[in-house]
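J.: We have chain A already, so just place chain B on it with the hints.
As a plain string of letters, each chain reads:
There are 2 protein chains.
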Amino acid sequence: MSKHGMVKAVGTHFEYEDGTMFYPFGTTIYALAHQTPELVEETLNTLKDAPFNKVRMCVFPKHYQFNNNEPQFYPFEKREDGTWDPQKPVKEYWDNLEYVIKRLDEMEIQCDLILFHSYDNWGFATMSQEDNLKYLEYCLKRLGDLDNVWWSLANEYDLLLSEITMEQWYEIEDFVAKHNPKGHLISNHNCFLLWDASRENITHGSYQIKCLANVGRDVKKFNKPICVDECCYEGNIAANWGNLSGEEMTARFWQAIASGAYCTHGETFLDENDVLWWSKGGKLKGKSPARIKFLRDIVEALPAPLEPYQASFFEFLDTLPDEVKADFDSNPAGRSFNLAHGQQNHDDDVIMSVCDHEYIARAKDESCLLKYYYQRCQAFDNVKLPEGKKFKVEVIDTWEMKKTVAYESAEGFAKVDLPSKPYMAVVATEVK
Amino acid sequence: MSKHGMVKAVGTHFEYEDGTMFYPFGTTIYALAHQTPELVEETLNTLKDAPFNKVRMCVFPKHYQFNNNEPQFYPFEKREDGTWDPQKPVKEYWDNLEYVIKRLDEMEIQCDLILFHSYDNWGFATMSQEDNLKYLEYCLKRLGDLDNVWWSLANEYDLLLSEITMEQWYEIEDFVAKHNPKGHLISNHNCFLLWDASRENITHGSYQIKCLANVGRDVKKFNKPICVDECCYEGNIAANWGNLSGEEMTARFWQAIASGAYCTHGETFLDENDVLWWSKGGKLKGKSPARIKFLRDIVEALPAPLEPYQASFFEFLDTLPDEVKADFDSNPAGRSFNLAHGQQNHDDDVIMSVCDHEYIARAKDESCLLKYYYQRCQAFDNVKLPEGKKFKVEVIDTWEMKKTVAYESAEGFAKVDLPSKPYMAVVATEVK
Numbered sequence: 001m002s003k004h005g006m007v008k009a010v011g012t013h014f015e016y017e018d019g020t021m022f023y024p025f026g027t028t029i030y031a032l033a034h035q036t037p038e039l040v041e042e043t044l045n046t047l048k049d050a051p052f053n054k055v056r057m058c059v060f061p062k063h064y065q066f067n068n069n070e071p072q073f074y075p076f077e078k079r080e081d082g083t084w085d086p087q088k089p090v091k092e093y094w095d096n097l098e099y100v101i102k103r104l105d106e107m108e109i110q111c112d113l114i115l116f117h118s119y120d121n122w123g124f125a126t127m128s129q130e131d132n133l134k135y136l137e138y139c140l141k142r143l144g145d146l147d148n149v150w151w152s153l154a155n156e157y158d159l160l161l162s163e164i165t166m167e168q169w170y171e172i173e174d175f176v177a178k179h180n181p182k183g184h185l186i187s188n189h190n191c192f193l194l195w196d197a198s199r200e201n202i203t204h205g206s207y208q209i210k211c212l213a214n215v216g217r218d219v220k221k222f223n224k225p226i227c228v229d230e231c232c233y234e235g236n237i238a239a240n241w242g243n244l245s246g247e248e249m250t251a252r253f254w255q256a257i258a259s260g261a262y263c264t265h266g267e268t269f270l271d272e273n274d275v276l277w278w279s280k281g282g283k284l285k286g287k288s289p290a291r292i293k294f295l296r297d298i299v300e301a302l303p304a305p306l307e308p309y310q311a312s313f314f315e316f317l318d319t320l321p322d323e324v325k326a327d328f329d330s331n332p333a334g335r336s337f338n339l340a341h342g343q344q345n346h347d348d349d350v351i352m353s354v355c356d357h358e359y360i361a362r363a364k365d366e367s368c369l370l371k372y373y374y375q376r377c378q379a380f381d382n383v384k385l386p387e388g389k390k391f392k393v394e395v396i397d398t399w400e401m402k403k404t405v406a407y408e409s410a411e412g413f414a415k416v417d418l419p420s421k422p423y424m425a426v427v428a429t430e431v432k
Numbered sequence: 001m002s003k004h005g006m007v008k009a010v011g012t013h014f015e016y017e018d019g020t021m022f023y024p025f026g027t028t029i030y031a032l033a034h035q036t037p038e039l040v041e042e043t044l045n046t047l048k049d050a051p052f053n054k055v056r057m058c059v060f061p062k063h064y065q066f067n068n069n070e071p072q073f074y075p076f077e078k079r080e081d082g083t084w085d086p087q088k089p090v091k092e093y094w095d096n097l098e099y100v101i102k103r104l105d106e107m108e109i110q111c112d113l114i115l116f117h118s119y120d121n122w123g124f125a126t127m128s129q130e131d132n133l134k135y136l137e138y139c140l141k142r143l144g145d146l147d148n149v150w151w152s153l154a155n156e157y158d159l160l161l162s163e164i165t166m167e168q169w170y171e172i173e174d175f176v177a178k179h180n181p182k183g184h185l186i187s188n189h190n191c192f193l194l195w196d197a198s199r200e201n202i203t204h205g206s207y208q209i210k211c212l213a214n215v216g217r218d219v220k221k222f223n224k225p226i227c228v229d230e231c232c233y234e235g236n237i238a239a240n241w242g243n244l245s246g247e248e249m250t251a252r253f254w255q256a257i258a259s260g261a262y263c264t265h266g267e268t269f270l271d272e273n274d275v276l277w278w279s280k281g282g283k284l285k286g287k288s289p290a291r292i293k294f295l296r297d298i299v300e301a302l303p304a305p306l307e308p309y310q311a312s313f314f315e316f317l318d319t320l321p322d323e324v325k326a327d328f329d330s331n332p333a334g335r336s337f338n339l340a341h342g343q344q345n346h347d348d349d350v351i352m353s354v355c356d357h358e359y360i361a362r363a364k365d366e367s368c369l370l371k372y373y374y375q376r377c378q379a380f381d382n383v384k385l386p387e388g389k390k391f392k393v394e395v396i397d398t399w400e401m402k403k404t405v406a407y408e409s410a411e412g413f414a415k416v417d418l419p420s421k422p423y424m425a426v427v428a429t430e431v432k
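One line per chain: the protein sequences are A and B, in this order.
The opening position of the first sequence corresponds to residue 1 in our numbering, with each subsequent residue numbered one higher.
The opening position of the second sequence corresponds to residue 1 in our numbering, with each subsequent residue numbered one higher.
Be careful, since some hints might not be right.
Unchecked claim - DSS-like cross-link-like pairs, simulated, lysine-lysine; straight-line CA separation at most 30 angstroms:
id, chain 1, residue 1, chain 2, residue 2
1, A, K293, B, K421
2, B, K403, A, K285
3, A, K402, B, K287
4, B, K210, A, K325
It should be emphasised that the hints constitute simulated quantities derived from the structure, not laboratory data.
Extracted from the complex, chain A is given alone in its bound form:
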């Protein structure tokens, strides 16, 4: 167990029990525990040098593309009718699972443990609700003592709706909450239908989304931490969820952080042995992990955690030279702007808002600010600093992993030169 204790949700962030901040930088290895001991060892070795402090993995084995191997053990014995009997757990299976989780704990890695998922070939996804609860009773008791466990009710709970109705999901959520004496974190992860993060038992959002523009809005709305636990993976498979560039995987981490939220990595490069990191582990091949490390170092050095800062649509006017602003106001364009925007077709407005979204976050105490420019290749920006304070302003090349000091001490609107290329950020930290 970590010397800092367990991780808890506090406001829109995570902290250890001793008050130390925990900034999750997750990765995904769904079937980690169901690989050969050699592969598990190789994966744990990789994690030693990786930037990740959280691993999403499943209790049950996985059957899917690139996942055709049988696990060494099965979690339960079978009844005479061929169904699984959750009251007859197989010791070796659970010992192995516990072993892997403990090994992660030794490396200060949290385990976001997925209790149900749909990619099944054995019948664990299609048990009766009675058996689901019996399984949970055992699992929560068996693994609940491990400090680094987070309960993830499901991976893509909504792709189990043919088996588990919404009412049954609520029952599962309630059951987990009631059998959770140590207060492990609880979330539920979606495919299409975001699980309602406002629910009392839910400690944080666990989102699958492909566009992060609205995450900051939801952090504010729910006032809970949000982990974007799936936003496609860096890789080169044909499926559209598994062929992000290293640039784009990295960008989504920056977007999450600059929304006051968190992100989870995954990697799906074709492999001659079908060992894709996202499900089996092995070695990391992508370009994003080094950049995620660079980001993690920046975030952990901030004086305070970041909250989403929603710039008003018209705030850009404040950054324009006075004569330009006066022109805009005096022109038909300025007079018609609200009139036209207010009549926009709803869907067009949704899409335009995503395209125009600015990723800006500030600490609650306004001791620091992060603005992420994503694909915008601007030569400069007038960065609006929190009022009444002075800031050191740094330009961050998130891809080249370089920092350049723009100002040792700036205030108000700081005109910051940028190198006219994508994937830049600005970090401002208060100078006392």
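T.: Here is chain B on its own, set in the frame of chain A:
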């Protein structure tokens, strides 16, 4: 005038009067005609070596950021009360405008002539409707003989809504249509509110949008050509509409073409003399024009123009290996997929559809196909070729401007190797 005659809209494409296809590859030089003769000459020289065959430019001068210069002449004399008198045109102004349009015509460049716009400092945007129509009467007569003119009712008509109501816009549209004996093309360009392209007088859509995922849908819906006449510009200014990378500007052209639509370029690089191509012309500095030339050559060599091909959401299943497809169908995930997707929050669905959109187009006679992969870095794709024919299949690196033959003759699903990087495309052309 072109030896092929005037350009007309035919179906969802453009043709010259003699039946030769005209594929528009536009650029934007709003205030071209209001610059010094030297700058106009420099711009026309640049256009000689540029890939553009259409220029969007304004009748009236422009006042805006980077546009503080007075025009040499004004279009009308003033009345005693200080308002402009459209019945007293200034010969030099219109001669100059005609000269520029004719020079474009000599280079086989169409002129998308913008009749109204809001970025005004003189009062041309705030004339009475009576004067608007008098101006139009003169303008349409004065310039209507020029073969290469297209009437663009406005740049961002909706940013003039404070001056010109929707009813008045309909009146303007009707007036232009009624005073257009040679049948020049007619469109209207928006900021937020797309002009209804289904209207009888409108020959084609002239869109400002920042995301092209739904353009193919609209081409089908309206059965008219759509020009994405503004989708932000390659450059490095701070405004979010003017700092696309060369990659992204190029990508939007490919997205448009792979939607059966067309795209218009613009360039906004900071310049010590405030000569930004997008409004004043000068020299091109960006990386996209060379790539747009490469694309234009490919499009013009196709056996037939492309129509949007809307792949069904589930079509990807057809491209999976049989055992994977069988797995999907037999799994809870497969059984729950429609159930979950059908319940998705509307806004989330709109955004996810944009993220998942596949840019695929086919000729109506299925003699060719284009698939554009945008940011997807896949190592291969199973490309669904039109049935019952054989195709030469080429892999296109849209950024490096290289073509590689994958198959001299393929049919059905062609497994095409791709280089695991962004901005790739596949073109298939029928082998007779």
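J.: Compare the structure with each hint and give your call.
T.: Hint check:
With a C-alpha separation of about 23 angstroms, the suggested pairing of K293/A with K421/B holds against the 30 angstroms cut-off. Distance check on the hinted pair: K403/B and K285/A sit about 27 angstroms apart at the alpha-carbon level, within 30 angstroms; holds. About 25 angstroms separates the Cα atoms of K402/A and K287/B, which keeps this hinted pair within 30 angstroms; it holds. Taking the CA atoms of K210/B and K325/A, the gap is near 23 angstroms; set against the 30 angstroms cutoff, the hint holds.
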